[in-house]
Amino acid sequence: MNPTFNRAALAVGVTLALMLMLVAGTAHASSIDETVNQIFADATGWFVALIFSSFPGTNFPWIVGWLVIAASVFTLYFAFIQFRAVGHAVALVRGDYSDPENAGEVSHFQALATALSGTVGLGNIAGVAVAVGIGGPGATFWMILAGLLGMASKFTECTLGVKYRNEYPDGRVSGGPMYYLTKGFAERGLPAGKVLAVMFSVFCILGALGGGNMFQANQAHQQIAGVFGDFPGWITGLVFAAIVFAVIVGGIKSIARVTEKVVPFMGIVYVGAALVIIILHYDKIGWAFGQIFEGAFTGLGVAGGMVGALIQGFRRAAFSNEAGVGSAAIAHSAVRTNEPITEGLVSLLEPFIDTVVVCTMTALVIIITGQLIANPDTGLYLLNEAGTAIQTVGGNSGVGLTSAAFASAFDWFPYILALAVVLFAFSTMISWSYYGLKAWTYLFGEGDTKELVFKVIFCVFVVIGAAANLGPVIDFSDAAIFAMAVVNIIGLYFLMPVVKKELHSYMSRLKSGEIKKFT
Amino acid sequence: MSNLYVVAYDGSPASHRALDFAVDCAERAGAELLIAHVLAWSPYSFLTPEEVEERHTRRTEELERAKTAVMDPIVENLAAKGVTPRTVIRYGHVAEVLNDIAAKEGASQLFVGRTGHTGMTARLFGAVTISLAQAASVPCTIVP
Chain A
1 MNPTFNRAAL AVGVTLALML MLVAGTAHAS SIDETVNQIF ADATGWFVAL
51 IFSSFPGTNF PWIVGWLVIA ASVFTLYFAF IQFRAVGHAV ALVRGDYSDP
101 ENAGEVSHFQ ALATALSGTV GLGNIAGVAV AVGIGGPGAT FWMILAGLLG
151 MASKFTECTL GVKYRNEYPD GRVSGGPMYY LTKGFAERGL PAGKVLAVMF
201 SVFCILGALG GGNMFQANQA HQQIAGVFGD FPGWITGLVF AAIVFAVIVG
251 GIKSIARVTE KVVPFMGIVY VGAALVIIIL HYDKIGWAFG QIFEGAFTGL
301 GVAGGMVGAL IQGFRRAAFS NEAGVGSAAI AHSAVRTNEP ITEGLVSLLE
351 PFIDTVVVCT MTALVIIITG QLIANPDTGL YLLNEAGTAI QTVGGNSGVG
401 LTSAAFASAF DWFPYILALA VVLFAFSTMI SWSYYGLKAW TYLFGEGDTK
451 ELVFKVIFCV FVVIGAAANL GPVIDFSDAA IFAMAVVNII GLYFLMPVVK
501 KELHSYMSRL KSGEIKKFT
Chain B
1 MSNLYVVAYD GSPASHRALD FAVDCAERAG AELLIAHVLA WSPYSFLTPE
51 EVEERHTRRT EELERAKTAV MDPIVENLAA KGVTPRTVIR YGHVAEVLND
101 IAAKEGASQL FVGRTGHTGM TARLFGAVTI SLAQAASVPC TIVP
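Chains as they are written, first to last, in our numbering: chain A, 1 to 519; chain B, 1 to 144.
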């Protein structure tokens with residue numbers, strides 16, 4: 001019998017058995033969802049607490065400082081590369097510097113689009129709503145700032161991703177932080193590269209299961225339930241798991257291909273609708289930006305004040321554009337180029353598109369449509385009973401808040417948004433299943449059975465993610481993705497001189513005319 | 001201007017007719033023959049991460065297949081008749097690349113076969129012949 005078929009059948013069996021155990025073990029409980037949620041929250045609580053612990057004597061999580069300091073260091077070290085080189089980056093994406101002889105290879109545009117389809121997604125729709133819902137309009141300001149700074153982090157990691165990738169005899173390439181941590185550290189005579197690479201891989205697998213999977217499944221379920229009425233999350237989870245399974249295990253590429261083609265279109269529809277809503281409320285645009293700037297420095301009554309707004313903005317920006325996390329380095333490293341710097345330059349457009357453009361749109365729509373309830377006398381936002389988030393019209397949070405904001409202008413938009421969320425969630429899952437798999441094969445080696453084990457685990461987590469509550473899922477997702485950033489950024493600090501050397505060499509050759517335009 | 005005829009060839013019956021006609025014309029005019037095979041490719045299409053990783057391998061395979069399955073048989077076939085054409089395999093937008101090859105090689109004429117699709121199908125899938133008829137930089141013969 002066909003061995004592929006056998007393996008697939010085995011995988012289906014294992015997956016179903018795991019699902020049945022999950023269901024049977026909780027049959028006595030009032031609801032499967034509650035049990036999954038409780039077990040999950042208990043199991044991951046310590047990890048979340050560690051990553052989000054504050055600097056002593058403050059309520060400022062050290063991890064947020066870690067990301068922002070890194071992005072600022074790279075910005076200064078490369079002398080504001082994100083502003084200096086943006087024109088050249090656009091020319092690269094347009095293909096002005098691509099040799100027509102290399103047509104048929106992955107273009108810069110394709111590498112950027114593939115990496116973007118992994119980052120543009122729920123972070124931009126649901127994540128922003130979480131940021132604005134808790135941190136108020138001021139969170140938007142910090143989100144934009146984090147996006148602009150993050151461009152330098154992305155540039156650094158993607159250049160390294162290409163420079164130190166592995167090329168195999170059959171023409172495939174594998175790259176990412178685990179490779180530059182190993183090869184780059186060895187080349188510079190630094191110790192512990194291998195240890196960092198292993199740590200990164202472990203966190204990358206957790207991040208793939210968390211933010212790249214559970215958070216997506218969770219928010220997709222919330223959105224579907226919002227449109228069709230409430231039903232248990234594990235049902236959505238099973239359906240999603242089956243489709244993801246068909247793509248990543250069954251190799252049914254047509255599903256993935258359709259998604260990859262529809263996702264950019266949905267992105268354009270989303271931004272277009274946001275623009276229309278903003279224009280419809282043109283009289284409030286000035287007021288909304290006023291709220292964003294005022295909130296950024298005073299908090300306007302949100303929990304934690306200015307620091308609360310700042311933390312939410314930075315946190316959701318990092319989660320959305322993944323700058324410094326290392327995932328983009330995996331996505332970009334497969335492009336065919338002799339100049340690693342070009343891929344770094346192209347990748348710095350990602351946080352700009354993802355955070356500065358798309359996230360800001362979402363935030364503006366939520367603010368401008370008046371979803372957040374303020375005290376008309378003081379102008380300060382009113383908090384919910386627990387004092388943790390701003391009161392919203394209809395008590396919405398997460399993707400529900402974004403949906404309500406768009407619905408206030410177009411009552412049919414929640415249906416489009418539900419479809420967009422499902423597709424974004426799906427494409428992000430496919431991307432992250434790939435990132436997770438790369439980390440997995442780095443740890444355990446390549447091989448069909450080994451890869452299958454990861455893919456089955458990935459599908460099981462789709463179900464858990466859809467069944468659990470948003471709180472524990474979002475905490476774990478953030479924690480896992482930020483843990484990747486801890487290791488990755490240590491590596492970036494040690495390897496940034498390599499990038500600087502590459503950059504100088506490239507820029508001087510560009511100036512001297514050695515690197516020419518083809519069109 | 002050199003006396004060079006470029007003929008578009010993809011192994012289809014239409015391209016066979018174009019090639020036969022071009023060979024005939026080239027013989028009479030004493031022109032050199034360049035057979036061009038263009039693999040349709042857009043640098044703006046969307047790929048999954050896995051497709052990105054495998055792209056270089058696939059491209060190598062596609063070029064190999066284009067050479068062995070499309071070009072080699074026809075070159076052998078023509079050699080038996082005493083015709084020795086040059087060949088070129090490229091990726092890209094078919095009409096644009098054909099036009100580009102003709103311009104760069106300094107061709108005096110371009111030959112393409114037409115598949116016979118008209119109306120909607122041709123509009124949707126972008127007929128190469130229509131594009132060339134509109135944009136070719138050298139005289140272009142469309143062979144029915």
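To be clear, the hints were calculated from the coordinates, so they are not data collected in a lab.
Here the structure is a predicted model, which is why all the values come from computation and not from measurement.
Each hint should be verified, as a subset may be incorrect.
Stated by the list, open to error - Below, computed lysine to aspartate or glutamate pairings styled on EDC-like, alpha-carbon distance capped at 16 Å:
hint : chain 1 : residue 1 : chain 2 : residue 2
1    : B       : Lys81     : B       : Asp10
2    : A       : Lys253    : B       : Asp24
3    : A       : Lys261    : B       : Glu51
4    : B       : Lys104    : A       : Asp283
Said to hold, decoys possible - Covered, in the sense of this in silico footprint (three residues per stretch, anywhere, with C-beta under 8 Å from a C-beta of chain B), are these stretches of chain A:
hint : region
5    : 96 to 108
6    : 251 to 264
7    : 426 to 439
Glycine included, C-beta positions come from ideal geometry on N, C-alpha and C.
Quiz item: Tell me, which hint numbers fail for this structure?
Solution: 1, 2 and 4
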